[in-house]
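One-letter residues, chain by chain:
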Amino acid sequence: MPWFWEGLKSGVRTLRPRAPRLPAGVTPGRPATTAVPAGASLDPELCPVGALAPQDGAIAVDFDHCIHCMRCRPPASPVQWQDDYRWALAAAPPLPPRFQRSIHVRILDAGDCGGCLSELRQLFGPVYSLHRYGIYVSPTPRDADVLLVVGPVTVGMRVALEETYAAMPDPKRVVAVGVCALNGGLFADSFAVVGGASRVVPVDVTVPGCPPPPLAILHALELVTGSSREAREVGDS
Amino acid sequence: MIMVPLFFALTLAAAAAGLSRAPRWAAPAGVAQVLALLALAGTVLTHPGHQWLLWPLAGWGILRLTFTALGGFLLVVTALVFLAVHLFAPGYLARYGDRYDLRPLRATLALLLGSIALILLAGDVVTFLVAWELMSVLSYIAVVFDHEAPENPRAAYAMLGAGELGFLMVVAAWLPLVLAAHSIAFSTIAAAAPARLPTGVRWAVFGLSLVGFGVKAGLFPTMSWLPRAHPAAPAHASAVLSGAILNLGLYGIILTNVQLLPAPSPAAGAIVLGLGAATAFLGILYAATETHIKRLLAHSSIENMGLITIGIGAAMTFDRMGLPVLGLLAWIAALYQLLNHSVYKTLLFLGAGAIDQASGELNMDHLGGLGRRLRWTSAFLLAGTMAIAAIPPFNGFASEWLLLQSLLRSVAMANPALEVAFALAGATVALAAGLAATAFIRFYGMTFLGRHRSDHAARAREVTVSQRAAMGFLAALALMLGIVPTYVASGLARVAGSLAQSRDVQAFIPTFFRPATLPPALASAFYPLGAALGQRVLPAPGVVFMHPSTRLHAGVVFAMSPTYLTVAIAVALALAFALAQLLGRGRVRRGHSWMGGARTVDAGLTYTATGMARPIWVIFRAVLSPGQTVDREEVVAEHFRVSVRREDGARYVVDRLIVDPAIRGARTLAHLFARMHRGSVNAYVGYAFIALLAALLLVRIT
Amino acid sequence: MMNGGRDAPKAPGTPGSGPILRVGAPLADLPDTVRQLVGQDHPPFIGLVVEHTSEPPRHHLHYVWMRPAARWLVVDVSVDGAAVPSITPIVFAADWAEREAEDLFGVTFAGHPQLGDFVLHDEDWAESVAPMRRRPERPTHGGGRDPYEPPRIVKAPGQFVMPVGPVFAGAQESVRFLLETVGEEIMHAHVRLFYKYRGLEKLMEGQLATRALLVAERVSGTQALAHGLAFAQAVEALASVVAPTRARAIRTVLAEWERLRSHVGTLAGIVESTGLSVPANLLAAVEERLLQLSGRYLGHRYLFGLVALGGLTRDPGDDALHALARAGAQAVASVQDICRRLALDNSFLDRLEAVGILAPERAATLGVVGPVGRASQIRADVRLWHPYAAYREHPAAPVLESEGDGYARFRVFLREAAAAMDLIQRLVGTLPPGPIHAFVPVVPGVGLSAVEAPSGALAYWVRVGSRGVIDRCHIMTPAFLNWHGLPDTVRDFAFQDFPIIASTFGLSVADADR
Ligand code: SF4
Ligand code: SF4
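Residue numbers (the numbering used here), protein chains in the order written: chain F, 1 to 237; chain W, 1 to 702; chain G, 1 to 514.
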């Protein structure tokens with residue numbers, strides 16, 4: 001009981017993502033497609049994964065492969081960084097409208113390094129408090145609408161991923177969280193890694209980043225429920 | 001009246017048919033015998049008090065048979081049990097056919113039924129005791145039948161030994177009665193003995209008869225033979241043992257302490273109540289943690305005997321406290337519980353036989369998944385499970401509810417000590433009901449549901465049609481007795497009326513609720529309870545057990561309607577089914593179980609019966625196994641545990657605390673005497689001197 | 001040609017010679033040698049490095065120990081096909097290391113009773129696969145023995161195995177626990193790791209050191225800095241390069257910051273497991289606050305991309321580090337405040353005190369390290385025994401408890417978090433100016449380096465080939481050592497204590513699985 005008062009006294013710790021100014025550090029930011037000023041050039045060796053490529057006078061960023069190594073962060077390179085977090089992309093229409101009020105998500109660690117999972121833990125923690133959006137972590141895949149996959153799918157976790165997906169009722173969506181889940185990331189070439197989640201189950205929404213910050217994952221969930229603008233556009237098309 | 005000789009003639013015929021080389025006559029003869037018994041029971045019930053004089057015994061009265069309501073009732077119960085057993089036995093015994101000669105067993109069962117009937121009809125001490133001995137020996141023969149396994153003869157012998165000890169105590173208890181009345185006839189004893197015996201002797205008769213008959217009934221503290229005898233006996237013999245023979249112990253207790261020599265004080269009733277509570281508690285505790293099906297059922301029988309004894313104790317107390325209405329209701333509860341127990345326990349023991357026959361396994365840790373293979377058996381045993389777990393609409397609910405209700409009425413006695421005793425007994429009944437639910441849900445789940453945990457379980461085969469008929473008959477009976485309790489109770493009230501102490505008992509038989517027969521003011525009080533609901537549709541009387549208040553007694557009202565409950569459950573189930581059909585049509589997807597992401601799970605990864613009982617074991621560890629588990633580890637290469645063996649040397653609590661010390665004490669005493677005999681002459685002189693001194697002192701003092 | 005055990009690995013701190021005592025042993029004498037060297041005082045066993053060469057003798061085994069204020073001890077033995085005598089009867093901590101070597105290299109260990117199914121799960125991989133051997137073809141999975149049958153040790157009527165995982169309900173890492181029981185209390189626990197085995201050591205082979213550094217950072221994302229630092233130090237030692245003073249000071253700040261954040265996360269996890277949601281949420285909010293501070297002042301919430309070979313990729317700047325220290329101190333104060341209240345809460349203490357006891361001798365036998373070890377009086381701390389970065393000038397305050405129960409571990413995590421903050425404040429007050437990066441030339445050879453990661457001693461054995469690519473990298477992680485201690489600790493405790501005890505170990509699965 002004393003903890004109850006303690007909790008009341010400590011006040012609100014929850015973040016408001018729609019607030020005009022978010023606290024610095026909720027997102028690490030990421031490189032943006034940058035117009036290169038005349039004369040400046042890009043060191044082709046700079047990006048260790050080749051995610052930066054010159055493209056008609058600008059430097060384009062391949063987010064699906066950027067591993068947030070920070071090597072191209074200003075002032076080390078001409079690439080601009082932006083502090084946004086709306087990183088997710090939907091490849092499938094959102095869940096039917098009845099899911100807008102509440103969804104149950106299931107988390108599957110398919111071999112992650114701990115970074116993405118830690119961000120998920122933060123997302124479901126007190127600061128981002130997803131319960132107010134009606135987003136819950138489901139104790140069983142039988143009740144889950146959304147599967148969040150983190151990490152490259154290892155040989156050992158392939159069956160578990162298949163099983164979890166199979167155990168979920170329709171309609172369902174799969175979100176690949178982090179570049180590892182997108183395509184295996186840095187680990188794609190390992191003999192013990194199958195690759196991205198899409199090698200095993202159909203992936204509907206992707207969130208790049210290494211790791212994507214909690215708000216980027218929240219953005220992905222908005223795309224899944226269709227409560228964000230981008231989601232409606234995908235749904236219309 | 002012709003039924004008496006006819007029945008005993010058929011008994012001999014059935015025994016002869018059993019012994020004959022043509023087994024096809026055995027079952028029909030057995031069924032004929034049972035039907036004759038049913039007819040006989042009908043005669044007994046319709047002619048209470050009728051006597052059949054057999055043989056004069058010089059100076060001590062005449063050997064005779066007497067028709068009593070209680071005897072008639074128990075004859076009916078026994079007949080029901082044997083009817084199912086006769087249907088079940090042929091299919092079941094086939095498995096023993098190549099190892100044993102089945103003929104003696106068949107004959108034994110026929111004679112056993114005869115001896116039980118004789119006990120229930122006996123109208124004098126000698127007939128009773130002779131029939132009792134006969135029954136003891138015959139039941140021993142039935143239990144010891146499968147004598148190849150070394151532990152079986154020992155278990156049967158323990159049963160015989162305990163029974164004989166009880167018999168001697170009964171003889172000792174009855175001797176003063178016979179001497180006081182100078183007659184062996186029960187009727188003479190009942191009329192003469194109470195007035196002629198001093199209180200001390202009356203207490204001795206009470207105590208000796210309680211313990212002596214308690215042995216047969218499986219009451220505390222003489223029940224440890226029961227969980228040993230049951231696993232040894234063939235399943236149908238177990239059914240007879242639990243469904244018919246245990247009742248005889250209770251019959252003896254009631255006969256002695258209610259009919260022949262009413263208990264000396266209300267405290268006697270409370271003692272019976274306490275004994276029942278202790279029995280029920282220990283019985284259900286062991287049932288809830290046991291993994292061998294037959295031992296589980298045996299412990300559960302002990303529990304049920306305890307519950308019935310609680311009812312008997314409550315009834316005796318109410319009667320002595322001048323509350324005949326409550327006494328009557330407690331009697332009804334006790335008899336109802338007895339009837340129900342005989343029905344569902346017979347069902348469950350026959351079911352255990354079916355499981356054994358189908359899978360060769362009775363340890364639930366190695367069973368599982370039988371439901372898919374034994375569809376009928378599992379359905380009938382589901383009924384039995386629900387009945388014994390007191391889940392409505394089956395019969396166990398009605399009687400346990402009634403028992404609990406009657407215990408809750410103890411305030412009417414306005415005696416704090418008795419109220420506390422009743423409250424504790426009530427708590428025991430409630431606890432027992434809860435533990436029984438866990439014990440039997442575990443029994444059903446671990447045996448019939450989930451995955452099979454052994455190969456025999458995987459290969460199980462359904463039993464024969466007549467065996468299924470036997471179980472189906474009892475399952476139907478369990479359901480019927482559960483949904484029309486008001487009919488059952490009013491029938492039982494006639495038997496109970498013969499036991500209640502009040503002379504004007506007939507006036508207090510409860511009026512069962514029919515709005516039309518009640519004063520409108522009273523009836524309207526029950527309408528809010530839903531009393532009138534559906535009264536035109538449903539044939540059964542009654543939402544409510546009640547007795548209107550009179551000048552002498554406050555009214556007794558128990559609100560309960562398993563009948564309506566049944567209808568409600570049926571409607572709810574139908575609705576749920578319809579809803580599922582309506583909403584889920586075409587959208588059902590079948591997958592395998594979710595196993596935490598692993599695809600295959602072997603049966604070793606699922607809960608065992610032991611594991612499921614563990615929480616109860618942990619709570620009651622002090623009773624069940626105080627400090628008796630030992631873990632032995634085997635370690636290789638200095639550090640690697642390669643095996644951990646857990647040995648639980650737990651001994652049955654009654655053996656540990658009472659039987660073993662008693663035996664040890666007896667041995668020490670024997671040793672002492674032996675030493676005295678081997679002692680030196682000086683020692684003898686010393687003993688003599690001390691004895692002399694003691695005698696002199698005694699003389700001085702008095 | 002690789003010459004296996006014969007070339008001396010370099011270690012950080014003292015360029016050139018390397019503070020390593022190497023003892024070569026003939027195969028048959030291995031147990032005796034080991035018994036002589038470590039049989040008396042049982043220094044912490046850190047790992048077993050196996051290198052495979054194409055010419056005989058093909059397998060070179062290096063057993064690594066750390067020793068108090070003395071040189072690292074490495075025992076070398078080479079073998080070609082024959083069975084290696086197992087040292088587990090003497091050093092039980094080497095149990096899993098030998099199992100791993102058997103699974104990945106196909107080296108057999110005579111006298112080890114539990115070989116087989118470990119890193120490569122039987123249901124996925126054929127028994128004959130030895131993926132870490134130098135072979136041109138890529139190892140393939142399939143052909144395993146399905147279904148997997150869990151080991152059985154308990155023999156008691158009604159015994160069964162309670163499987164938990166590999167998939168859990170919340171944001172938990174994938175691992176499987178097989179709890180042998182007769183119900184209620186755990187009689188024997190098996191931890192089945194390596195569902196997440198990513199084959200990182202194999203992946204690094206053939207990569208340039210700069211690329212392999214990125215992989216090292218992602219071995220365990222929540223201890224990225226420690227991994228990056230250990231890897232970089234190994235390569236630096238090899239090239240006899242010492243990072244500039246400022247770089248070393250900032251590396252120390254970052255390492256302690258990572259410890260602080262990781263420990264706060266562990267504390268939040270412990271409190272969460274005891275079911276007290278208000279303090280658990282308060283602590284989780286502090287953890288997120290620390291992550292935001294990392295993002296704001298250091299550029300990445302998990303400190304990825306900061307360590308470079310030869311120093312750092314970027315200088316956060318004195319102002320940022322000062323601001324970080326100030327804000328961090330406030331966060332630590334609130335953590336201490338919450339934990340002070342928890343120390344008065346009986347329902348909290350009941351769940352931790354005398355639960356999951358790891359007695360000091362047992363802890364030494366099992367070979368646990370880091371905070372888990374220090375809660376059981378195991379002093380081992382790389383920062384103190386083999387100082388690196390700026391720890392020689394700024395030694396860490398030693399923290400030690402002796403009860404070895406869940407609450408002792410809780411206190412160690414708390415005290416170390418506070419000590420980390422103190423150290424950060426001392427360091428940012430005396431930050432030297434200067435460059436943050438030194439050039440690291442390609443020098444072939446072997447480097448051995450260790451750091452005290454948040455969860456304990458973390459060592460890298462890095463062999464760089466002539467073309468500057470990694471020939472072999474063995475990652476000896478604290479989680480690998482500490483998971484070995486968990487099964488023993490949960491024995492005879494009830495099921496419901498299991499998650500609580502596991503949380504007090506603060507273990508990462510990714511760190512152990514690699
Ligand atoms: S952050 Fe690293 S991986 Fe991403 S684009 Fe920049 S250099 Fe490439
Ligand atoms: S994307 Fe990055 S943070 Fe996420 S699991 Fe992969 S390596 Fe770890």
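Treat the hints with caution; some may be incorrect.
What the hints assert, rightly or not - Cβ-Cβ distance ranges computed for the label pairs, FRET-style: (1) 582(W) x 140(G): 49 to 59 angstroms; (2) 459(W) x 145(G): 20 to 30 angstroms; (3) 145(G) x 632(W): 25 to 35 angstroms; (4) 23(F) x 621(W): 53 to 63 angstroms; (5) 145(G) x 645(W): 23 to 33 angstroms; (6) 40(G) x 636(W): 41 to 51 angstroms; (7) 162(F) x 350(G): 35 to 45 angstroms; (8) 459(W) x 14(F): 56 to 66 angstroms.
To be clear, the hints were calculated from the coordinates, so they are not data collected in a lab. All of these numbers come straight from a predicted model, not from anything done at the bench. All residues carry an ideal CB built from backbone N, CA and C; glycine is no exception.
Against the structure, the hints:
no.	hint	result
1	582(W) x 140(G): 49 to 59 angstroms	51 angstroms, holds
2	459(W) x 145(G): 20 to 30 angstroms	25 angstroms, holds
3	145(G) x 632(W): 25 to 35 angstroms	31 angstroms, holds
4	23(F) x 621(W): 53 to 63 angstroms	54 angstroms, holds
5	145(G) x 645(W): 23 to 33 angstroms	28 angstroms, holds
6	40(G) x 636(W): 41 to 51 angstroms	24 angstroms, violated
7	162(F) x 350(G): 35 to 45 angstroms	42 angstroms, holds
8	459(W) x 14(F): 56 to 66 angstroms	60 angstroms, holds
Consistency note: the structure conflicts with earlier hint 6 alone.
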